[in-house]
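Chemist: The residues making up each chain are set out below.
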Amino acid sequence: MEDHKRLIGEFTEFLGAENVMESKVPRERRVFVTIKTDKLRDAVKYLKDHEGLTHITTITGIDSGDEIEVLYHLAKKDLSLGLRVMAPMEEPVVDSIVDIFNGAGLYEREVHDILGVAFEGHPDMKRLILPDEWPEGVHPLLKKWTLNKIRETIDGKEW
Amino acid sequence: MGKREFTIHVGPQHPALKEPENFVFKVDGEYVVDVEPRIGYNHRGIEKAMENRTYIQNLYIVERVCGICSNSHQTCYTQNVEELLGMEIPERAKYIRVLLAELERIHSHLLWLGVAAHEIGFDTLFYYIWRDREVVMDMLEEISGNRVNYAMPTIGGVRRDIAADKIPKYLKMLDVLEERTKFYKNICATEKTVLARADGVGFLSKEDAIRLNAVGPNLRASGVASDIRADSPYLVYDEIPWNVISYDSGDVFANVLVRVDETFESVNICRYCLEHLPDGPIRTIFSPLGKVPEGEAVSLVEAPRGELIHYIQSRGTDKPYRYKIRAPTLGNIPALCEKLRGGYIADIPIVLAGIDPCFSCTDRMVFVDEDRDKRWEMNGEQLRRYGVEWYK
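Chains A and B, in that order, are what the protein sequence lines are.
So for the first sequence, this note's numbering puts the first residue at 1; every next one is plus one.
So for the second sequence, this note's numbering puts the first residue at 1001; every next one is plus one.
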């Protein structure tokens, strides 16, 4: 736990306290940090190069009302760190990190499919899990797309 | 190269395992130049379904994410919910969960070994392995009542106990599994068919495995000794003596050796669990009407195919606000593409099978075409036969 606190301290110093909105250590081997969206690439590079978090487990997107949370699960041997940025619901855009984490490409495409988040700089932003015929703009994990609304939209369509 | 390159569509019907996905390979003569995945055929919207169901209902949905590693998903899910509830489960339940997890790993690894033998045209070995795999299936059935979805972990513990008078019988069955696996390891290490089709095939360097964020046996076959059970121990993995298996050669052969050796480790872990099963209750009570306090948690489990992550966000109701699952196969796809590039067309089935892909878990894979002046299609079975004939 002490080492997690040290990590958060040094990370906050690097990024600037004004750019780190929240940090917590809910238990051993788990850390969550929320940062300003435009600092994402700096933060990811720092964590990879200075803290040895060389593995990305996945990216989770969460519809939290006015904003979409994009949560990057970075990992090393004894730590899973959730790095969170917020993207506005009207136009959710965050920077792509595929050039930093080569394994992140599919995860970004998945979040794009299900929540409509655009990843600026992604080399190949195509559909990953939704069918080719799926209607544009229906991002099924958004809360506004209730099960009934999704059914009404896709039922009776030629697909 | 230009016009010398072709594109081949493989799938969506079973390129390797009996699950739908589709790959488009760009080839030059017999060589694979590039490969592109597109997944989605098995996507069932489970994350959305879970947001609309209670924690108890989700226990049964999450088990159906995968037909092979169902127990891993349920274990991962229960850990998440228990963390938010601040619930400590009884020691005996932890041991039973580990026992189930390792029996599942044995059945999954033996299943894989059989599939791999089939992909290289060694069907005799395939039938023998699957016959002997029935021993572990019988054990699972006797313990849980089911061959596939065991429904053992529940919020607060496990649903069924291990009967003390059955333990000697289970230990004997583990002896049989160990002895047969030794026999298969010997065959794999010496039989020419296996060596010709696995040795040096589908290479992935240690650097690429780390760079492309590979997971599980696929990562350990490239010389990285990383295993969630050791790196981030859950349940009682830190109390049980066992070893992380890794091999350096990065090819299909290393994948075989990692899984065979892990089967031995799992047999030993199961023995330890049966011999050291603590007394006491098997669960604490979670009310079926139960609400889960606000919060978020990340649960990690080493599933048979590698690192499995579940993320939960609760807003204090009886349903999760968001539930995210990332199964190991999705994590292994970038590394799989790297393995296929530069290899022979004839090796596609075994390299594909080499990562032990599970598309129900991951859902989701297709290979997209790029227009060239020639194109043909093959289904998985045709491709398998092509590979077997090519090596004759």
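These are computed hints drawn from the structure, not numbers from a lab.
Glycine residues also receive a C-beta, built at the ideal position from the N, C-alpha and C atoms.
Hints may contain errors.
[Stated by the list, open to error] Derived Cβ-Cβ restraints for the label pairs, each shown as a range:
#	chain 1	residue 1	chain 2	residue 2	range
1	B	Arg-1341	A	Glu-90	48 to 58 Å
2	B	Lys-1206	A	Thr-34	26 to 36 Å
3	A	Arg-6	B	Lys-1206	21 to 31 Å
4	B	Gly-1145	A	Thr-34	54 to 64 Å
5	B	Asp-1238	A	Arg-6	17 to 27 Å
[As the list claims (entries may be wrong)] Below, in silico cross-link-like pairs of lysine to aspartate or glutamate (DMTMM-like), each with a Cα-Cα straight-line distance of 20 Å or less:
#	chain 1	residue 1	chain 2	residue 2
6	A	Lys-144	B	Glu-1239
7	A	Lys-77	B	Glu-1134
8	A	Lys-77	B	Asp-1123
9	A	Lys-77	B	Glu-1239
10	A	Lys-76	B	Glu-1051
11	A	Lys-126	B	Glu-1036
12	A	Lys-144	B	Glu-1047
13	A	Lys-76	B	Glu-1091
14	B	Lys-1192	B	Asp-1123
15	A	Lys-48	B	Asp-1208
16	B	Lys-1182	B	Glu-1239
17	A	Lys-149	B	Glu-1051
18	A	Lys-126	A	Asp-99
19	A	Lys-143	B	Glu-1294
20	B	Lys-1392	B	Glu-1036
21	A	Lys-143	B	Glu-1047
22	A	Lys-77	B	Asp-1231
Chemist: All the hints need checking, so say for each whether the structure fits it.
Modeler: Hints, verified against the model:
{"no.": "1", "hint": "Arg-1341(B) to Glu-90(A): 48 to 58 Å", "verdict": "40 Å, violated"}
{"no.": "2", "hint": "Lys-1206(B) to Thr-34(A): 26 to 36 Å", "verdict": "34 Å, holds"}
{"no.": "3", "hint": "Arg-6(A) to Lys-1206(B): 21 to 31 Å", "verdict": "29 Å, holds"}
{"no.": "4", "hint": "Gly-1145(B) to Thr-34(A): 54 to 64 Å", "verdict": "45 Å, violated"}
{"no.": "5", "hint": "Asp-1238(B) to Arg-6(A): 17 to 27 Å", "verdict": "23 Å, holds"}
{"no.": "6", "hint": "Lys-144(A) to Glu-1239(B)", "verdict": "46 Å, violated"}
{"no.": "7", "hint": "Lys-77(A) to Glu-1134(B)", "verdict": "35 Å, violated"}
{"no.": "8", "hint": "Lys-77(A) to Asp-1123(B)", "verdict": "39 Å, violated"}
{"no.": "9", "hint": "Lys-77(A) to Glu-1239(B)", "verdict": "18 Å, holds"}
{"no.": "10", "hint": "Lys-76(A) to Glu-1051(B)", "verdict": "29 Å, violated"}
{"no.": "11", "hint": "Lys-126(A) to Glu-1036(B)", "verdict": "12 Å, holds"}
{"no.": "12", "hint": "Lys-144(A) to Glu-1047(B)", "verdict": "15 Å, holds"}
{"no.": "13", "hint": "Lys-76(A) to Glu-1091(B)", "verdict": "28 Å, violated"}
{"no.": "14", "hint": "Lys-1192(B) to Asp-1123(B)", "verdict": "14 Å, holds"}
{"no.": "15", "hint": "Lys-48(A) to Asp-1208(B)", "verdict": "16 Å, holds"}
{"no.": "16", "hint": "Lys-1182(B) to Glu-1239(B)", "verdict": "26 Å, violated"}
{"no.": "17", "hint": "Lys-149(A) to Glu-1051(B)", "verdict": "15 Å, holds"}
{"no.": "18", "hint": "Lys-126(A) to Asp-99(A)", "verdict": "17 Å, holds"}
{"no.": "19", "hint": "Lys-143(A) to Glu-1294(B)", "verdict": "18 Å, holds"}
{"no.": "20", "hint": "Lys-1392(B) to Glu-1036(B)", "verdict": "29 Å, violated"}
{"no.": "21", "hint": "Lys-143(A) to Glu-1047(B)", "verdict": "12 Å, holds"}
{"no.": "22", "hint": "Lys-77(A) to Asp-1231(B)", "verdict": "5 Å, holds"}
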